[in-house]
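Peer 1: Order-wise, the sequence lines are chains A and B.
For the first sequence, the residue numbers in the working numbering are 92 to 409.
For the second sequence, the residue numbers in the working numbering are 92 to 409.
Rather than coming from a laboratory, the hints here were simulated on the basis of the structure.
Warning: the hint list may mix true and false statements.
[As the list claims (entries may be wrong)] Straight-line alpha carbon distances no greater than 25 Å define the calculated BS3-like cross-link-like pairs of lysine-lysine that follow: (1) LYS377/B - LYS377/A; (2) LYS373/B - LYS134/B; (3) LYS303/B - LYS373/A; (4) LYS134/A - LYS377/B.
Predicted model, so just to flag it, every value in this text is computed and none were measured.
2 protein chains.
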Amino acid sequence: MASAGETQAAELEGRFREGDIRALARALTLVESGHPLGQELLKRLRGQGRAKVVGVTGSPGAGKSTLTDRLIVEARQRGEKVGVLAVDPSSPFTGGAILGDRIRMMRHHQDPGVYIRSLASRGALGGLAGATVAALALLEAFGFDRIFVETVGVGQSEVDIARVADTTLLVLTPAAGDAVQAFKAGVMEIADLFAVNKFDLPGGDRIIQELKSALDLSPPRPGGWRPPIFPTVAATGEGVEALFEGLEAHHQHLLGHGLLEAHRLERARFEVESVIQEWGRKKTHKAGDLVARVARGELSPEEAARRLLRPEAQEGPA
Amino acid sequence: MASAGETQAAELEGRFREGDIRALARALTLVESGHPLGQELLKRLRGQGRAKVVGVTGSPGAGKSTLTDRLIVEARQRGEKVGVLAVDPSSPFTGGAILGDRIRMMRHHQDPGVYIRSLASRGALGGLAGATVAALALLEAFGFDRIFVETVGVGQSEVDIARVADTTLLVLTPAAGDAVQAFKAGVMEIADLFAVNKFDLPGGDRIIQELKSALDLSPPRPGGWRPPIFPTVAATGEGVEALFEGLEAHHQHLLGHGLLEAHRLERARFEVESVIQEWGRKKTHKAGDLVARVARGELSPEEAARRLLRPEAQEGPA
Chain A
92 MASAGETQAA
102 ELEGRFREGD
112 IRALARALTL
122 VESGHPLGQE
132 LLKRLRGQGR
142 AKVVGVTGSP
152 GAGKSTLTDR
162 LIVEARQRGE
172 KVGVLAVDPS
182 SPFTGGAILG
192 DRIRMMRHHQ
202 DPGVYIRSLA
212 SRGALGGLAG
222 ATVAALALLE
232 AFGFDRIFVE
242 TVGVGQSEVD
252 IARVADTTLL
262 VLTPAAGDAV
272 QAFKAGVMEI
282 ADLFAVNKFD
292 LPGGDRIIQE
302 LKSALDLSPP
312 RPGGWRPPIF
322 PTVAATGEGV
332 EALFEGLEAH
342 HQHLLGHGLL
352 EAHRLERARF
362 EVESVIQEWG
372 RKKTHKAGDL
382 VARVARGELS
392 PEEAARRLLR
402 PEAQEGPA
Chain B
92 MASAGETQAA
102 ELEGRFREGD
112 IRALARALTL
122 VESGHPLGQE
132 LLKRLRGQGR
142 AKVVGVTGSP
152 GAGKSTLTDR
162 LIVEARQRGE
172 KVGVLAVDPS
182 SPFTGGAILG
192 DRIRMMRHHQ
202 DPGVYIRSLA
212 SRGALGGLAG
222 ATVAALALLE
232 AFGFDRIFVE
242 TVGVGQSEVD
252 IARVADTTLL
262 VLTPAAGDAV
272 QAFKAGVMEI
282 ADLFAVNKFD
292 LPGGDRIIQE
302 LKSALDLSPP
312 RPGGWRPPIF
322 PTVAATGEGV
332 EALFEGLEAH
342 HQHLLGHGLL
352 EAHRLERARF
362 EVESVIQEWG
372 RKKTHKAGDL
382 VARVARGELS
392 PEEAARRLLR
402 PEAQEGPA
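One chain only, chain A, in its complex shape (with noise of 0.2 Å):
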């Protein structure tokens, strides 16, 4: 006899093939919020479905979500289903949100074609989530046939979203230094695609040279890619479609090199790598006395981590 919770992972997991996009919400909510249902949903899906990954990242007020607004478009004109994961880094310190201007993307709203989420990125201190990659694993299930991940990038978030996308896009803009700071973080290097969005600011052309000069010092890609710039401005859709199709041209590129298998071991290697690392944050959270032994000097933190995963403690983050 199927326990009950087999039983709703069941019903749930039937409503979701049938394509009930409420099946979607529910499942996704399920996985973010760490309930076992979720784990049980996911262990009947993960690996189902095959979409086109663009990671969509870049500084804080750059455009990544009127761009990927425009992306969008582009991709239903081409009778795409699309999935979107918009990711807010929480500050670890407030658990509060940036919004920024995602409001726009309501717009799809009634396009059944389209799915917009929001995820918090809480847990990950900067970076993304395993939740993130969770989420991912369902929408891909779904059948949709591009899913665009978009970070509000700094830092760490930049490097995961590398990790997990087939196909990274950096937006930058002519003003506040933003090529100056990619170059000097090495976020250069996670790119397969620049936008230089707001290309009607002055400072562009400028732009488009520093980039062009550092590709040039930049270390050869797999397969001898070599990472296009594209001139955009979102607010008016110019530059788009031919964005669109360098990301296309990417995915063509990862097929006909047979790298898309490499990105998905490297997406799979993230989700392992940040399961042990939540479970190491829930777990040293949990163990004041052995945190306050290290503290004192009379234990190493080798062999707090050690107790810390010892075999009966090993039962997951519960």
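Please build the complex by placing chain B on the supplied structure of chain A, with the hints as guidance.
Peer 2: Chain B only, in chain A's frame:
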């Protein structure tokens, strides 16, 4: 009978305790490279000494190294022995490091009361490596009165430094939208003090006004601390004495409100979490088959993590 390793450790420990700077340098190298002798030494020395630990962070190019250089002079004038850990976040993709103008600090190399050490943050994917905190423990044990930890701050390492240091100084400049970046990224909340460096550039007063407004809206800090803002010109030394006194005031605030212990516990927590995260990363990278099964949807990341952390796999990161 003591083993060869124990004999070596005891010999090095002896020289270390006598204040031999070469023993400190060797101990740091052993710890940074993950050598077992380093672990043995840490076990003997950890938890000794008591330094004022100041984290110095901010955007690339804000002048952190030059400012730290000036703060060293202030500390030396007050008779303090000073240690500096300069953390270069290597790119996780190229292994290349940002060198910066750290060379300036070399003018202290004739002064036996100052010890400066550069550390790579390899393996921490943009964050602060556990080895950094281990190095900090060694500097404390060596008897420095004050230790500056300078991180070329982008994203994660700024959040990390606030967990490790007693006092966190965020260095901004009037140029390049520094303050705007800080506001948006939630980095504001980690700073105990602000320096608006390069204050001779245009826009300094405006930034100070913006910071003040933002601080008015920030949640209250422990013990009612209100982060002060110091205009500085590190190149000439202008404003640096006031800034140093600000660091001292914050330390007295921590002492007066019994908050220093909480900082030390947080540092220990960070260390334990870092160890677990690093083990997770190493184990995952060796587990190709397991990762491939996760990628194919045959195994959940949680189950893969559980198998990786099985007792027989728990000997550490060897």
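Peer 1: Determine for every hint whether it applies to the structure shown.
Peer 2: Hint check:
no., hint, verdict
1, LYS377/B - LYS377/A, "violated (29 Å)"
2, LYS373/B - LYS134/B, "holds (23 Å)"
3, LYS303/B - LYS373/A, "violated (35 Å)"
4, LYS134/A - LYS377/B, "holds (24 Å)"
When the structure is compared with the earlier hints, violations turn up for hints 1, 3 and for no others.
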